[in-house]
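Let the hints inform the model, and build the full structure from the sequences given.
So you can see what is in the structure, the chains are spelled out below.
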Amino acid sequence: MSSRVYISTVISFVAYLLFQVLFLKNFILFDTAFCFIYIGFILMLPLEIGPLLLMGIAFTLGFTVDIFYDSIGINAAASVLIAFLRPYWLNIITPRGGYEEIVIPNLKTLDLGWFFTYSLPLVFIHHFALFFIEAGGFGTFFFTLTKVLFSSILTFFILILSQYLFYKKAV
Amino acid sequence: MYQLLKLIHSYRAFLVFLFIEFVCFWLLVRSNPYHSAAYFHTSSSIIGSIYQTRSNITQYFNLPAVNEELANDNAQLRELISQSQVPIVVNSAEDSIKLSKAEYNYGFLSAKVINNSTQLSHNFITINKGKVNGVQPGMGVISANGVVGKVMSVSDHFATVSSLLNNDVYVSAVVKRTGNFGSAHWDTRDPLITKLMFVPSHIQLQQGDTVMTSGFNSIFPEKILIGFIEEFSLQTDSFYDIDVKLSNDFSRLSYVYVVRNPRREERINLENEKIEEVE
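Protein sequences, first through last, are from chains A and B.
Mapping of the first sequence onto our numbering: residues 19 to 189, in sequence order.
Mapping of the second sequence onto our numbering: residues 15 to 293, in sequence order.
What the hints contain is simulated information worked out from the structure, not anything from laboratory work.
Treat each hint with caution, since some may be false.
Said to hold, decoys possible - Taking CB as the label site, the calculated pair distances span: (1) B:150 with A:40: 26 to 34 Å; (2) B:26 with A:25: 26 to 34 Å; (3) A:40 with B:84: 21 to 29 Å; (4) B:170 with A:48: 54 to 62 Å; (5) B:152 with A:130: 32 to 40 Å.
Unchecked claim - A few chain B residues that face chain A, going by a derived Cβ cut-off under 8 Å, partial list only: (6) 23; (7) 25; (8) 209.
We put the beta carbon where it would ideally sit given N, CA and C, even for glycine.
Following this line, the structure appears as C-alpha cells:
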C-alpha cells in the first residue's frame with residue numbers, strides 16, 4: 019500500500035468516526051431511521067487489504083463507536099460481520115474486466131449500479147445484526163425490522179450523497 | 015499434522031472471525047448495566063470531554079426552552095419552601111413523625127446533560143458531574159419533571175446514566191390514587207411511553223392516574239413523578255397492561271439532579287460487614 023493511500027485511510031477513519039458520533043448520533047428521522055455512515059469506511063477500504071487486517075480495522079472502528087454509544091460489543095460485532103463477508107461478496111459481484119486497476123471500491127472507480135449491488139446488501143446485513151443484537155433478540159421482530167429497513171435506506175442514501183460530495187469522478 | 019495446519023490456515027479468516035465475534039459477545043454480556051468501569055463508557059474522561067465540547071456548542075440552540083424549564087423549576091421550589099414551614103414544636107405523634115422525616119434529607123446535585131439518546135433499546139445519558147463531585151454508581155437521577163434514571167458508571171468528572179428508557183432499568187413505582195405498587199419498565203417502543211407492570215387486575219384504575227416512585231429502594235426519594243396513566247387493559251387474568259405517559263420529555267433533557275441518599279453508605283457498610291463476618 020502506498021503511503022498516500024495509507025495516510026488518507028487514517029484521516030478518513032478519524033473523519034468517519036467524528037462525523038458519526040458528533041453529528042449523526044442524534045440524527046434520527048421519524049423515530050426509526052438511524053444513520054451509521056461509519057461503515058462506509060469499511061466498505062471503501064482498499065481492495066488489497068487482507069481479510070484479517072480488514073476485520074481488525076472493522077473491530078477497532080466498531081469498538082470505538084460503541085464507546086461513544088455506550089453499547090459495548092454491538093457495533094463491533096456488526097462491523098466485523100460485514101468485514102468478514104466483504105471479500106466473498108466482492109468475489110461474487112466481480113465487474114466485467116475484474117478489479118485490476120481498482121484500488122478502492124467507490125463511485126469514483128466503479129459505476130452506480132455496481133456500487134448499489136455492492137453496498138446495499140452489506141449495509142442491510144450490518145443494520146440487521148446491529149438492531150437485533152441491540153434489541154436483545156427477536157422479541158419485537160417487526161418493530162426492529164422497520165428500524166432496520168428505514169435505517170438501511172437512510173445510511174445508503176447518505177453514503178451515496180457523501181461520495182458525490184467528497185470524491186470527484188475522474189474524467 | 016501438516017494437513018491439519020493446512021486446513022486451519024485455509025480457514026484462518028473464518029476462525030479469526032468467529033474469535034472476534036466471540037470477544038464482542040463476551041464484552042456485550044459481561045458489561046453489567048451497573049457498577050461497571052468507566053473506561054469503555056461515555057463517562058471516560060476523553061469521551062466525556064469530547065461530548066462536553068459538543069454540548070458547549072450546541073447548548074445555545076435550545077437556550078429559550080432551558081430557561082423556561084429552569085424558571086418553572088424555580089417557581090415550584092419557592093412554592094415548596096413556603097409550604098414546608100411546618101411547626102417545630104412537637105404537639106402530637108404526627109408532628110414527631112414529620113420531624114423525623116425531615117431529618118432524613120436527600121441531597122441533590124445539579125448536573126448538565128452533555129450526551130443523550132432516546133431511540134435505541136438501551137439508552138444512556140452522560141452528565142458533567144463525576145466522582146470528584148460525589149457521584150457514585152447506583153445513585154438516582156431526576157429532573158424538575160420527574161425520574162430520569164440511575165448512575166451506571168463514573169469517572170472523575172463525568173458519569174454515564176442508564177436512562178428510564180433502557181430495557182434493563184426497573185423503577186419501583188406506586189399509583190398515587192390507589193396506593194398500589196408496580197414496576198415501571200420501558201418496552202423499547204415509544205420514548206414518550208413506559209409500561210407499568212405487576213399491577214393486579216382487581217384495582218379500579220382511571221385514565222390520568224399519577225404514577226410516582228415508591229421509595230422502596232434507596233435510589234429515589236418517595237413521590238417523584240414518573241408519569242400519568244394513558245391507557246390500560248387486562249392482558250392476562252392477574253395483571254393490567256398499563257401505558258404510562260412519561261412526565262419527562264427525554265429528548266429535551268438539559269439539567270438534571272443527582273440524588274444522594276445520606277443513609278446509602280450506612281447500608282453499604284452494613285452489607286459489607288455481613289460479608290466479612292461470613293468470610
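Hint-by-hint comparison with the structure:
Restraint check, residue 150 of chain B to residue 40 of chain A: a C-beta distance of roughly 29 Å satisfies the suggested window 26 to 34 Å. Between residue 26 of chain B and residue 25 of chain A the C-beta distance comes to about 29 Å, which sits within the given range of 26 to 34 Å. Range check, residue 40 of chain A to residue 84 of chain B: about 26 Å between beta-carbon atoms, so the 21 to 29 Å window is met. For the pair residue 170 of chain B and residue 48 of chain A, the beta carbons lie near 39 Å from each other, so the given range of 54 to 62 Å is not met.
Checking the proposed 32 to 40 Å range against residue 152 of chain B and residue 130 of chain A shows it is violated: the Cβ atoms sit about 53 Å from each other. Hint status for residue 23 of chain B relative to chain A: violated, with the closest Cβ pair at about 12 Å, above 8 Å. For the restraint placing residue 25 of chain B at the interface with chain A, the shortest Cβ-Cβ distance is roughly 11 Å, beyond the 8 Å limit, so the hint is violated. Interface hint at residue 209 of chain B: violated, since its Cβ lies 13 Å from the closest Cβ of chain A, which is beyond the 8 Å cut-off.
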